[in-house]
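Colleague: Sequence:
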Amino acid sequence: VRATIRRFLAGCNTQYKVVPFDHTFYQECLDIAVQRGYPVSSTKPFPVLTYLCLGALYGTTSGAHNGIYGKTTRCVATSEDDTRRAFRIWIALYTGYATFADDIPRRCPQEMPSLHAFHDRFVKGEKQEITELDALADLMREVPRVFGGTVPANIAMTSTLDFITATIIEAETKDMQVSPTAKRYASYHRLMSAVGKAYAIMVFSPEIPFEEYIQAMLEIALFIANVNDVLSFYKEELAGESTNRVGTIAARKGISRVEAFEELADTSVELYETILSILEDSPRACEAFKQFTVGYAAFHTTFERYQLVEVGL
Numbered sequence: 382v383r384a385t386i387r388r389f390l391a392g393c394n395t396q397y398k399v400v401p402f403d404h405t406f407y408q409e410c411l412d413i414a415v416q417r418g419y420p421v422s423s424t425k426p427f428p429v430l431t432y433l434c435l436g437a438l439y440g441t442t443s444g445a446h447n448g449i450y451g452k453t454t455r456c457v458a459t460s461e462d463d464t465r466r467a468f469r470i471w472i473a474l475y476t477g478y479a480t481f482a483d484d485i486p487r488r489c490p491q492e493m494p495s496l497h498a499f500h501d502r503f504v505k506g507e508k509q510e511i512t513e514l515d516a517l518a519d520l521m522r523e524v525p526r527v528f529g530g531t532v533p534a535n536i537a538m539t540s541t542l543d544f545i546t547a548t549i550i551e552a553e554t555k556d557m558q559v560s561p562t563a564k565r566y567a568s569y570h571r572l573m574s575a576v577g578k579a580y581a582i583m584v585f586s587p588e589i590p591f592e593e594y595i596q597a598m599l600e601i602a603l604f605i606a607n608v609n610d611v612l613s614f615y616k617e618e619l620a621g622e623s624t625n626r627v628g629t630i631a632a633r634k635g636i637s638r639v640e641a642f643e644e645l646a647d648t649s650v651e652l653y654e655t656i657l658s659i660l661e662d663s664p665r666a667c668e669a670f671k672q673f674t675v676g677y678a679a680f681h682t683t684f685e686r687y688q689l690v691e692v693g694l
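Residues 382 to 694 (my numbering) are what the sequence shown spells out, left to right.
Read the hints as simulated data drawn from the structure, not as lab findings. Glycine is no exception: its CB is placed at the ideal position from the N, C-alpha and C atoms. Be aware that one or more of the hints could be misleading.
Unchecked claim - Below, in silico cross-link-like pairs of lysine-lysine (DSSO-like), each with a Cα-Cα straight-line distance of 27 Å or less: (1) Lys634 <-> Lys555; (2) Lys671 <-> Lys616; (3) Lys425 <-> Lys508; (4) Lys671 <-> Lys398; (5) Lys616 <-> Lys425; (6) Lys634 <-> Lys564; (7) Lys564 <-> Lys616; (8) Lys616 <-> Lys634; (9) Lys616 <-> Lys398; (10) Lys555 <-> Lys616; (11) Lys425 <-> Lys555; (12) Lys425 <-> Lys505.
Stated by the list, open to error - Simulated DEER-style distance windows between Cβ atoms: (13) Arg417 <-> Gly529: 14 to 24 Å; (14) Arg388 <-> Thr512: 36 to 46 Å; (15) Asp556 <-> Glu668: 41 to 51 Å; (16) Thr424 <-> Asp662: 47 to 57 Å; (17) Asp647 <-> Arg565: 14 to 24 Å; (18) Asp463 <-> Pro561: 45 to 55 Å.
With the sequences and hints as input, model every part of the structure.
Modeller: This is the structure we're talking about:
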């Protein structure tokens with residue numbers, strides 16, 4: 382595992398590092414959440430603070446690389462730095478509440494009906510059945526203003542809705558046998574569950590026209606999913622998880638989980654190189670993706686959830 386992760390990081394022009402946690406930024410996120418009426422101290426159906434901590438770390442690593450983004454509503458930005466910080470807070474809150482939703486099947490299966498009702502309530506403009514999902518829905522309603530363009534906003538919106546659907550699919554197909562001929566199923570499901578297209582849009586500031594990066598969107602979305610799967614492998618093996626993407630690939634191909642993990646790491650490096658090639662005609666888009674990759678890797682190597690400090694990188 383150590384050698385594979387090292388090879389993967391080197392192939393993506395980044396390295397292992399631990400980023401100090403920004404307590405000031407975290408407190409700002411909590412303050413904004415409270416102002417908006419989002420739950421921050423609730424313990425039912427399970428504690429939300431852990432997820433807001435995760436979101437804050439994502440905002441200061443993966444979300445910290447870019448230029449000026451569109452102003453978020455209810456976050457007053459008075460300078461370029463304030464505008465960037467306001468967008469990072471939006472990313473942090475979105476990531477926190479989305480990750481909370483992702484854990485509902487595992488941590489609070491009795492709330493699955495709330496996930497099933499999410500789309501219907503969102504389309505009708507109704508409050509969600511639990512406050513954490515209502516916070517996510519509220520953040521989604523800001524997407525058109527946050528992303529500064531119809532196409533990027535639409536992609537981010539539909540990607541988030543797909544993510545909720547993928548969470549339901551994963552919960553309801555955990556005992557499903559994966560057909561050896563379903564070669565693209567693992568990638569299809571993971572592309573939805575990783576919110577890859579939404580996070581791919583977040584790589585680029587609205588001042589970069591979407592025409593400069595749209596051809597790389599699928600590769601970037603898959604890359605985002607792959608990197609998470611590669612850097613989650615160690616902690617998931619310790620936990621005995623078998624329904625993840627590595628397990629699905631291993632089962633379909635009849636290979637070991639370690640072999641599937643190594644294959645996924647190599648595929649991720651190939652994707653990285655392909656993305657740079659696609660973006661080469663737009664230096665600013667190419668640089669934004671490179672910086673995102675460094676931050677995205679740092680998010681995983683820093684956050685204790687992934688336990689990578691134990692690997693000895």
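Colleague: CA of Lys671 to CA of Lys616, is that 27 Å or under?
Modeller: The hint holds at about 26 Å.
Colleague: Checking one constraint from the list: CA of Lys616 to CA of Lys425, max 27 Å. Satisfied?
Modeller: Satisfied, since the Cα-Cα distance of roughly 26 Å is no more than 27 Å.
Colleague: Is 14 to 24 Å right for how far apart the beta carbons of Arg417 and Gly529 are?
Modeller: 21 Å, holds
Colleague: Is the hinted range of 47 to 57 Å satisfied by the C-beta distance from Thr424 to Asp662?
Modeller: 51 Å, holds
Colleague: Take the C-alpha atoms of Lys616 and Lys398, compute the straight-line distance between them, and say whether it is at most 27 Å.
Modeller: 18 Å, holds
Colleague: Starting from Lys425, check that the Cα of Lys508 is at most 27 Å away, please.
Modeller: Holds, because 17 Å separates the two Cα atoms, which is no more than 27 Å.
Colleague: Given the proposed pairing of Lys634 with Lys555, does the C-alpha separation stay at or below 27 Å?
Modeller: 18 Å, holds
Colleague: A range of 41 to 51 Å was offered for this pair. Does it hold for the Cβ distance of Asp556 and Glu668?
Modeller: 45 Å, holds
Colleague: Given the hinted pair Lys564 and Lys616, is their alpha-carbon gap at most 27 Å?
Modeller: Holds, because 26 Å separates the two Cα atoms, which is no more than 27 Å.
Colleague: Verify the proposed pairing of Lys555 with Lys616, using a straight-line Cα cut of 27 Å.
Modeller: 19 Å, holds
Colleague: Taking the beta carbons of Asp647 and Arg565, is their distance inside 14 to 24 Å?
Modeller: 18 Å, holds
Colleague: Lying within 45 to 55 Å: is that true of the beta-carbon distance Asp463 to Pro561?
Modeller: 53 Å, holds
The structure shown violates none of the earlier numbered hints.
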